[in-house]
Amino acid sequence: MKNYFSINDIDSLDTWVEEAIALKQNPLTNKDLGKDKTIGLLFFNPSLRTRLSTQKAALNLGMNVMVMNFTGEGWSLEYGDGTVMDQGNSEHVKEAAQVVSQYCDVLAIRAFASLKNREDDYSEKVLKSFMEFATIPIVNMESAAGHPLQALTDAITITEHKKANKPKVVLSWAPHPKALPQAVANSFVEMMQQMDAHFVITHPKGFELANHITKEVPIDYNQDNALKDADFVYVKNWSSYHDYGKIGKDSSWKITEEKMKHTANAKFMHCLPVRRNVVVDDKVIDSENSIVIEQANNRTYAAQLVLKKILEKQ
Amino acid sequence: MKNYFSINDIDSLDTWVEEAIALKQNPLTNKDLGKDKTIGLLFFNPSLRTRLSTQKAALNLGMNVMVMNFTGEGWSLEYGDGTVMDQGNSEHVKEAAQVVSQYCDVLAIRAFASLKNREDDYSEKVLKSFMEFATIPIVNMESAAGHPLQALTDAITITEHKKANKPKVVLSWAPHPKALPQAVANSFVEMMQQMDAHFVITHPKGFELANHITKEVPIDYNQDNALKDADFVYVKNWSSYHDYGKIGKDSSWKITEEKMKHTANAKFMHCLPVRRNVVVDDKVIDSENSIVIEQANNRTYAAQLVLKKILEKQ
Amino acid sequence: MKNYFSINDIDSLDTWVEEAIALKQNPLTNKDLGKDKTIGLLFFNPSLRTRLSTQKAALNLGMNVMVMNFTGEGWSLEYGDGTVMDQGNSEHVKEAAQVVSQYCDVLAIRAFASLKNREDDYSEKVLKSFMEFATIPIVNMESAAGHPLQALTDAITITEHKKANKPKVVLSWAPHPKALPQAVANSFVEMMQQMDAHFVITHPKGFELANHITKEVPIDYNQDNALKDADFVYVKNWSSYHDYGKIGKDSSWKITEEKMKHTANAKFMHCLPVRRNVVVDDKVIDSENSIVIEQANNRTYAAQLVLKKILEKQ
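In order, the protein sequence lines correspond to chains A, B and C.
Using the numbering used here, you'd call the opening residue of the first sequence number 34 and step up by one each time.
Using the numbering used here, you'd call the opening residue of the second sequence number 34 and step up by one each time.
Using the numbering used here, you'd call the opening residue of the third sequence number 34 and step up by one each time.
Don't take each hint at face value.
You can't tell identical chains apart in this list, so a pair holds if it fits in one copy or across any two.
Claimed, not checked - Lysine-lysine pairs mimicking DSS-like chemistry, simulated, CA-CA at most 25 Å apart:
id, residue 1, residue 2
1, Lys149, Lys57
2, Lys316, Lys282
3, Lys316, Lys158
4, Lys287, Lys158
5, Lys346, Lys57
6, Lys161, Lys316
7, Lys199, Lys238
8, Lys261, Lys149
9, Lys279, Lys68
10, Lys294, Lys201
Please keep in mind that the hints were generated in silico from the structure rather than gathered at the bench.
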């Protein structure tokens, strides 16, 4: 495996999930694999879980970690081809990617959507430019339109907790005071199409995700109906894809105890951070059925598996 | 020991000080103790000594270190119970603390007083919330109302330099252009009540520390008188506790050579950073009796001892 | 070697370059040398290459690395002797340097020119103050008036690529939208006076570097003429030394394919970051003769050699 850009880079999902669960039991088994190897973590945006779990994953593999915050510690990069760089950007990604490739063995990058220009965001210029110019493997720590480490985490978590072979999984949109990217939802939708599950998406009209992502997945605009008999309820806000970046605050979509009663005693999932009592009521996230903390724990093993796969090919 | 929140978490001060002084002689003795253990350092405020000495202490114990600056690298946390999180805060400490607990074995946290609301500051909501929700030991790297790593450092330093069994120690308030927390002074006062010392506090009227901290410690509003025959002069500014956050700039309280003449050739101590010629004259801090640099050196061994105690219980 | 402040700290350039090239072949040969040694990297300014390559160099030597960004993570330092510190600066460099010396074995510092006051900048107060007060070796990661790690890198790179024993090397000024320091140019000029090369500087009138730097080096105001038969073209913008900090944007000085035709098929060098199509045309920097990426790669080995020399003396 060269890069881990999207879940399409997973060659055999079942095997990966199985291996990740095994790693979780013995996280230090492969501590020699990363010896004298260095991962660079480049952050163009804030991060808590991803920052710490990816570092931890690398440490579990015996790697050196170098963290670089582009905002604050570095400068802004130029991505355009042929640009006369007489404005704000100090360095072209062509140089940055090639240079950093010489100091590291793997590069992990976080670069959120701007939510100003859809075409620009979905072109994934940051991640794709680094993949084009870097000479080492690139790992996506959440890009403009995808968050495949989260989606792998989610596959691991659902596999650990499922009781039926083919559980019903519902992705439910939730309100939020700010405009959030579609990245987490996109990768989760892609992942659910790879897993053996009855998968339904529910959201208000106008909050449809991109067709090229949802494909044939059923969409139900009636949240109560969608939640019926669900085994897993995955909750996440995203701003509008069609009216790009439009905020959705409709509080009737908040997940409540009442709504969870429609489900088959479903597990509650969320990628975190979550705004309590806006996205979900305290009673739901604090209930026994909430698995958000264990889900966050699995971030380490998703990252560790991806890095292990990369190191094994080097 | 679960947490190191205050000096009350020290079970036997004499033994701890003795052990710290021994560690200082052979800092790498316990390098296996922290093998494959990870400490997370969470900074909600700037730090130089604490940042580097705590890292160094962890490295001396063979630990991995992950540093996270909440300002800049992360986002602001919510601490309220039941809050509808539709304002600025992106994540509740309930999740943050539980999640980070899964990536680390020990968590050290710095969170200063806001100096806007005394009740709020002295409730120690940041540290206490992390202690409530985290599932790993928490170390206080200076909270709103206390700085117990500094106080342990001070106990070590006084023990190293004292000539009499029961030295006279004076905590003298000093002027400062900005409003500073009472944290360092509070923990030092608590520590001096545990040590065998003649301890006196001196400050202008209106700058009394909290009664629940100073208890029976004598307060002398006459600085010259307080300094008489002192063996150690510990200087520190704090803003008013009673007129909460009020700045005190009275330059007549600055420590000068003249004032030091009242003492019994006292050692000069300060936690640093110090504003020269505002808090203390150059001639005093640059004199042979100034032990501020050695005091800062002991920060490493105070932190290392605390971490060692924690690791030994894990 | 105590410090690596300028290229004058190199005792034998030929040997150093030879050793660095050998290190590059086997970067992990000296991994025991830095065991249980800690380097502190202090950044008063942003950094990409220097930050990561110096970390990598330290890791290659088995050292621990502690990174500290003074902007954001710390506070501003005072450098004046006898200052009454009642303004913005929270700590004097006297304390900061002595304290950090106790937590680290080597200290590397980046502190750019302000470009507001030439005398102040060229006094190198940050680096010189740290060298005065620190008790451990100091490495210059680019100071107000010099960048000796870059210059050593450049010597390595020219040595690797030169075909003649005494190549013609041209330092050509280039336009830039912002005011940049003279540091890189200064150290390169100093280095070229140590190497066996025909060395010429070319820049517009008014952009002369300091006399005490350029000494007897020929200056040609005609760029085309200077480039004639060059083996290496080293391009770099700097703001005016004489009209201190004045920006130079004259686009006729941009390096183009046309201009490179005057050379003897010269290698193109630049320290990076570079503003494409302002400093140099895409066609030149993307050509086979551009060695800027390999030049950046050599940053690791220049830093590693300097650290190795320091560690060997400890």
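Numbers of unmet hints, in rising order: When the structure is compared with the hints, numbers 1, 4, 7, 8 and 9 turn out to be violated.
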